[in-house]
Amino acid sequence: MSIDESLLESHRSFVDQETRTGEEFLWPTLGGKRTVAVLMRPVDASRPTGFVFCHSFGIEQVHLGRLEVMVARALARAGFPVLRYHGQGYGESEGDVPEITLSSHLADAADAVSLMRERGGVEKVGLVGARFGGTVAALVADRSEVDQLVLWDPVVDGGRFINGLFRQRALAGIAGRSKNGPSIKEMKLALQTDGWTDLGGMPLSRTAHDEIAGVNLVSDVVRFRGRSLILSVTPSGQATPELAQLAEHLRGLGGECTLSPVQDSGGFGRSRLQDGDEGEAKSDTTVELARKVQSPTLSWASPGI
Amino acid sequence: MREAPVFIPHGSEHLAATVTIPDDAPRGMALLMTGFGAPRSHRFQMWTTAARRLAAEHRIGSIGADWVGMGESTGLLERWGWRASWEVSGQMASVATFGMRVLGVDRFVAAGNCVGGGVAVAMAMDREDCIGSMSFLTHLMLPNSERRTGAYARMRKSKLAEIAGSSRVLRKHVIRPIRNQVTSTPPDFVGNLRKALRHAQVLFVYGEEDPSFNPRIQAEIERVEASVPPDARDRLKLQILEGEHLGGFESVEQRARTIETVLDWTERCFQWAEARSDLAPSSAPAEQVT
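Residue numbers (the numbering used here), protein chains in the order written: chain A, 742 to 1046; chain D, 2 to 291.
Just chain D, same shape as in the assembly:
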């Protein structure tokens, strides 16, 4: 296993990225993304460790990159909107294309948290070469009108929200019901998710106490599950960690568990894709793993 840091051109900017290369021909690639504010290696090497283990234990190459205006990439980023995941997904499309060219593979799995998690599921929705996605702590419930976006921003910055936010009971019984009134999943979310399940395995992970989690997300995903064939149903999973706050991955145990989830889901996606004759073959199927 070895690593190669690179600068990938994207428009007028350069995205700092690292390609992790297995010793033998890679089976495919994982695209590892962060939320805004974390470097591409993620806090305390979470993605670095995941990338090294994917290469050494699963023969899967990977690429992780800093967003424009973050980490070691060029550019400036001072503020962003609620639909940032959809607005910046082009950056990671450039990164995925570059990584697959370097590794000589034609399919990948996308994983990320927060904004990166949104991009991961967007990749699965948009690209048939994306055979799986993992979205940790992804804000799927977004303000559903211009007027409500402003009201929501004011509410979040209010003294009342600050006080309520420090109490688990108030968060659940005051903040969440108010948020429910002003937010919804993006338009066509259900339709696009159904489309993704034709060629990809999709995983969402939340801590029950995370602000990004909302029982309505569970209801939407159950609605998709009910509307797709049984085999596609198996390719969609929502994991809710009871009583947990996963934001920031602020414990050694949460970090380790997240890495294991990424390794397991990535392996599952490649095994499934390698067994399917209707998906384009990658350069080196699983049988060659030694």
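Next comes chain A alone, as it looks inside the complex:
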């Protein structure tokens, strides 16, 4: 056996001297199985609060992944330890895709909070989540000792979210992107009869469907009294009534909640790749979106910076 273990170990982390931050790959057990996580930290003194990123569900995990990396790095540059991870069934986790459920997302996130307390050297933990990752973050914050919550366009109503995913899949079939794409009715029938359906390459189990469809943050978050930030990302730049209601709900529980609208028409949670202009094949608007999301997030996380 001639594996160069020292080469592997010496490349598990790096330090960026320009930004004075470091990143380290971890291989922790989250949600009962091993997975990949990345701990980002300032080289110099850290702030007492660390942030854990909860990623979204299904294909949104892919589309929002780069945005999360970029904002995580911005938080680390501002002095916060940040932990990101591949939930079970995603990326390089040991779990398989069919095992993904709301319960698996919650278990991964709860364990990630514990990991941040152990490895991040922090006194307090905040959670960050986009779309369904926001739903997971809010539910875990409600059930644990989490002080701060950052929700980017969170999914409030799980039933509406899962129906939206079905609709997207069916529309892809109509547009000819997928051969003989199934109708919404056929996908729902498959869930009932086979126990799973093919959601654009992701095997969605009936358990996952039912758990997600049953979530509503306004009724399910009942205890959280910490600080929270909700970004409502819309083409108009106006916050949605649904997120205004969620903000009001969090305030009603006794917490301090800031609701900020962010104008963006690129589709939050969708692919940000577009056909390019002259001389270009494609462009990616994630960088532009990251600037819009990063600014209010950093201002809220570190007032005065």
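Derived from the structure by calculation, the hints contain no laboratory data.
Mixed in with the good hints, there may be bad ones.
With a Cα cut of at most 16 Å, we get these calculated EDC-like pairs of lysine to aspartate or glutamate [as the list claims (entries may be wrong)]:
(1) LYS1023(A) to GLU88(D)
(2) LYS1023(A) to GLU79(D)
(3) LYS774(A) to GLU4(D)
(4) LYS865(A) to ASP883(A)
This one's a predicted model, so the numbers in the text were calculated from it and none came from an experiment.
Use these hints to put chain D onto chain A, whose structure you have.
Leaving out everything else, chain D in the frame of chain A:
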């Protein structure tokens, strides 16, 4: 089998990568690449599954990495040109070199889709230690002049193209003929492909309905086939999936089939290389597989 995530330096950036290591001495390595926009594990763990099965079932190690400005790598990438595969291949050259050093092997097979597919065939053309390539949905027909690049971009963004793109008949009878007028394979494609076939097995896979596929690609590949010796001809394969749109691998069945293709072609490449005395031996030949 085990996995090790690493950051590989490339210029001023760090490429996030994962090495998958078989339990026993590896026979060689597979380099797994994605198109821009997908993480190194690919959508719904497609490459993660392929890497684990290559290690467990074939004793072949692998490495997959995020491009600069994508996934967990550092850097920014906001726009790219038609020849991106040729411009970014240096990133994956760094990754391949690192992976082979870790695994202690000296030959590899490269696989990828879209931009990654272009890099895969470029590796087979450029490097004798690359004994095979698999290119899924690779744009081989590129705008063939500066003027035409602009015209092509304008055409793609037009309302007419949007309407025509939603119809299979219009795609075939309107869009494809227009595209044929303004695109061609890269210069020296045929010559470089012939060169690759001396030391590598080359596979191209398209869905018949994919925008990246064009019957002219088939004609070019047939031209290469006709011009090389019979044994080299067997090392070149074009697979066109009739009536399919493979883009995004948007079905469980397509994902599974793609993984099987990667496993089969990789095994075929290593068996062929291990049987050839004129290719440099890797550290642990197939006879040692238990």
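How the hints compare with the structure:
For the given pair, LYS1023(A) sits about 14 Å from GLU88(D) by alpha-carbon distance, which is consistent with the 16 Å threshold. Distance check on the hinted pair: LYS1023(A) and GLU79(D) sit about 9 Å apart at the alpha-carbon level, within 16 Å; holds. The hinted pair formed by LYS774(A) and GLU4(D) meets the criterion: a straight-line CA distance of about 14 Å does not exceed 16 Å. A C-alpha spacing of about 15 Å is found between LYS865(A) and ASP883(A), which places the hinted pair at or below 16 Å, so the restraint holds.
In terms of the numbered hints stated before, the structure departs from none.
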